[in-house]
Amino acid sequence: MLDVKEIQTIEHDVLVVGAGGAGIRAAIECAKQGMNTGMISKSLLGKAHTVMAEGGMAAALGNVDSRDNWKIHFRDTMRGGKFLNQWRMAELHAKEAPDRVRELEDMGAVFDRTEDGLINQRNFGGHRYPRLAHVGDRTGLEMIRTLQDFCIHQGIAIHMECIALDVLKNNGKVSGLVAYWRETGRFVIFKAKAIIFATGGAGRAWSVTSNSWEYTGDGLAMAYRAGAELMDLEFTQFHPTGMIWPPSVKGILVTEGVRGEGGILLNNKNERFMFNYIPEKFASETADTIEEADRWLDGDKEARRPPELLTRDVVAKAIMNEVKEGRGSKNGGAYLDIASRQSAEHIKKKLPSMYHQFKELAEVDITADPMEVGPTLHYFMGGIKVDHETQSTNVPGLYACGECAAGLHGANRLGGNSLSDLLVFGKLSGDYASKYCQKNRLESTSEQEIENIIRNATDILNKEEGKNPFLIHENLQKIMNNHVGIVREEKELIEGIEKIETLKVDIQEVKAHPASQYNPGWNAAIDLSNIIIASEAVAKSALIREESRGGHTRLDYPDETKNGLEYNVIIKKGTDGKMETRKEMRSTPPEHLSKIAFSSLEELEENNE
Amino acid sequence: MLATQRTDKWWIEPTLTAFGFLCFVIYTTWRAFSGENFVADNYLSPFYSPLLFENPAGHGLDHSWFGSWPTWVPNWIPKSPAIFILIFPLSFRMTCYYYRKFYYRSFFLSPPACAVEGIKQKNYKGETGFLIIQNLHRYTLYIALLYILILYYDGYHGLFRDGTFGIGIGTIILLINPTLLAFYAFGCHAFRHLIGGKEDCFTCPAGNEKIKYKAWKKVSLLNSKHMLWAWASMIWVALTDLYVMLVSKGVITDLNTWNN
Amino acid sequence: MSERKFSVWKGTPEGGKLHDYSIEVDKGMVVLDVVHEIQKLHDSNLAARWNCKAGKCGSCSVEINGKPKLGCMTRLNEYGEDETITIRPIKTFPIIKDLVTDVSWNYEQNKKIAPFKPRERDADGNHRFMQRDVDRVQEFRKCIECYLCQNVCHVLRDHEKKNKFVGPRFMLRLASLEMHPLDTENRIEDIKKEYGSGMCNITRCCTDVCPEHIQITDNAIIPLKERVVDEYYDPFMKLYNKIFKKSKLRIYIIKSYLVTLR
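Residue numbers (the numbering used here), protein chains in the order written: chain A, 1 to 609; chain B, 1001 to 1260; chain C, 2001 to 2262.
Just chain A, same shape as in the assembly (with noise of 0.2 Å):
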């Protein structure tokens, strides 16, 4: 019999679970103020998904450009999420985003530099000025190294390879976590006043995304088990290019700069089929022939944009419908060309990254050849539900931050934004955890909670027969990629939820082999209970919004509706164990907020033509 006295114990104030950006910036943080903290890892230090981030870290720093300031970022992050975010996480982001670089530089970041020798700003989409702090196209492996190689010195004590099963609460507060170690498969009990949950999102669902594996949302599924609120979740970010071929890298992102260089898509029928997919209210600023599109290339300012640079959802949704009626390419996207568009030497000089990754993983040479690309899931807008400033949960002494948080990035995100979300709210995080512990008292844990979690786990190793947890992985990825994909449809939404309704079941008798140490199948399984309520939560969360809106695309309400604008849907476990679905209304913004948002709005689009 499990005797949990038995079972290997860890005491901590706080416990961070997760150890990418945000979790291991929130575990400085509560370090830095007196905490014992611990932090959890479901991989190796360093390892976390944070390394994939290319592009750069948002701050208003004004090094290359001195207008900009804080009020124009805000501005820009609030356009970007199409006004859904939460309005003071969106001005606490903006504000606090310059010193959270400057801090990293002084744990020993190396930023590119500017002439005069500051940290340079590069442009990206969506931000006004050039905004983004970064190292060439590695920005994320800079700063999650710099972390790291900090942390380890601040009496931080870091737990690797250990992954969360549950939370445990006792008079309705936090009081500790259940988890295993990977290694052993032994289960360890920790026991705090605080957990913050910085796990990231939930890509795993979707075959095509350039998440990796440990992305299977196990902070949403464990918040939620343990009654926090989820927010937003209808909101997932497909990038319209990632490869498709060959499988081994299907989902790594072809960046936007490919069709800002002059790319173009086409059919297999060799058609630019972007032509046919051009928005009504667009229609005013996009070419509508190919000799005006090649205007444009050539420099000339009264020509109109491509109708390949249009907005993802569109150019998402326009591959989509290609492969729908049979005009896909050879492994089911879209042939994305440069090679006749531009010399092999500019596009070696301008898109070496992609140039080397085609070149490596694909034996395609972009310079002569075109590539493949199609949707990719790349980001969870949506997530925990948490107070802008505290980042608090509804069930006290639990706090996200980061990619598993909700709200600062409302229905879309800008890039760039991101990795300085996950530094101002970690650091957020910490403080204000570290500030629940000196006001609360360590819980005591129930035994029962403890065994009823660890049987969850171990029944999984004691079948005689069952079912296999990868290949059930696999149906669920198909599921969510056709049901609840880049583009969406009550039909389809209400076909999704009830197949996941069947792997429910399914999940139910799924079998690992005995051996718990080291078991992938094993943990594939567990990860089988998480990722399928983040799964859910997505669906349910998308067909109740009816309208179109940033990362939520529906077929059947293709526009923003203003009624969109007023609510937020928020999924929590019921009372009866079932998920529960409602829209929340939005407060009324902050007036000095709505204030720079929207004079600022009339002003750009007064300046957009």
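Any given hint might turn out to be false.
To be verified - Below, simulated DSS-like cross-link-like pairs (lysine-lysine); rule was C-alpha separation at most 25 Å, straight line: (1) C/K2112 / C/K2161; (2) A/K173 / A/K191; (3) A/K511 / C/K2040; (4) A/K435 / A/K173; (5) C/K2164 / C/K2193; (6) C/K2193 / B/K1198; (7) C/K2027 / A/K478; (8) B/K1009 / C/K2255; (9) C/K2040 / A/K463.
Stated by the list, open to error - Far from chain B by the CB rule (all over 10 Å, computed), these chain C residues: (10) G2015; (11) K2040; (12) L2041; (13) M2073; (14) P2094; (15) N2110; (16) P2115; (17) K2117; (18) N2163; (19) K2238.
Rather than coming from a laboratory, the hints here were simulated on the basis of the structure.
C-beta: ideal position from N, C-alpha, C; glycine also.
Using the hints provided, position chains B and C relative to the given structure of chain A.
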């Protein structure tokens, strides 16, 4: 020993390198002790440069710096002018960071190739034991820099025969020789460090030490092809000697403006 | 699609052996895809590490046909069609299970290194230095910590001198700190005595296997060795540094030295 799970032909590179180097060593040793045919008119073999004392039996008095062999040199030392000289360039090459790589690999099997087990050493010391002398590389560099000048001087000599200015194939060969050596020596890791690499920051605080950075950058460029220059200069020096020897023996005729 | 033969080492610290698999492979597949296929269809218990699958996180280090490589960046068509591809765990670190090894020793080395200590900011709150200084250290900071260099380094791999040498990865990290334009700490004594720069005999296998193509030996280890020479094996340089360090005379001498060189 030589245990590995590699399935490719990993032994080709160390073997070829060892063979190439051995060829050079054998040729050099033979030539160093021969003490003959190192001068052909105004051409002097680099193996014998600087020619401090002339070989009593030889011809080349014009080239020697101090005339005939002094009488105090004991008889058991072969009267070859090269043996005093070769040790210097050799010390530069033997402590060179590139040569160290290949002879540790090819001759000491430490390791013979990547992921291939070498000779078991219970108490491996790397370059902390006897090999600590490798740290003197920069002093051998200073000597090598001197040699560049000396060899250019020989090349300059190659432009004048009996006081008449002219040029021959031999002159060109003699001038290329120190040039390749210069590419090798100026790309030396120790030189790269001394010229600027030792700085922690080239541009702190004001950003004005540009000259040091530029020098370091150029040296780095040469340094990235250090292996190439090492081999090129080594092969060329042997070819130069061979050329002088063959002309001296009359096997080949030097094409030149002095009508031979 | 075609069938290919693979041989994968499976085992525990007590021992193990190669297991043969015949896997349907698709064009363009990499070795890590094969590991996933095996997990999915043949052996869900085959332990392996991976994360980003794009050569950026450095998790999937293995030895493929005896060569240390990243599984995610090694395409199957690098090998002959009839050749059996053998996948083994990296040799230098203790086995946990199958392809997973215990690399915690590396984390301990990192912790030993004196942390970054920045200089004061300028009066306006900024740090100023130029891109050329960024470029030099950024090469080192590209490191993805795959530990292939640690694995292939014969000092650690064959001679097991883990107590004497921190390995190429951490020489690289030390170089990135020593050449950091903002750092004020001096680690030269430790580089010689604690971290064992003298143990490296610059046979360059670390550089050969680096998936990020970092010139570990030429740009990091050798420059550190030369700095150690300055301090310990070159009395003239030491004297010179003592007298002239940070003095105007020194800058003048260097400048005139360079002028004469040109």
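Hint compliance check: list the failing hint numbers for this structure, sorted ascending. 8
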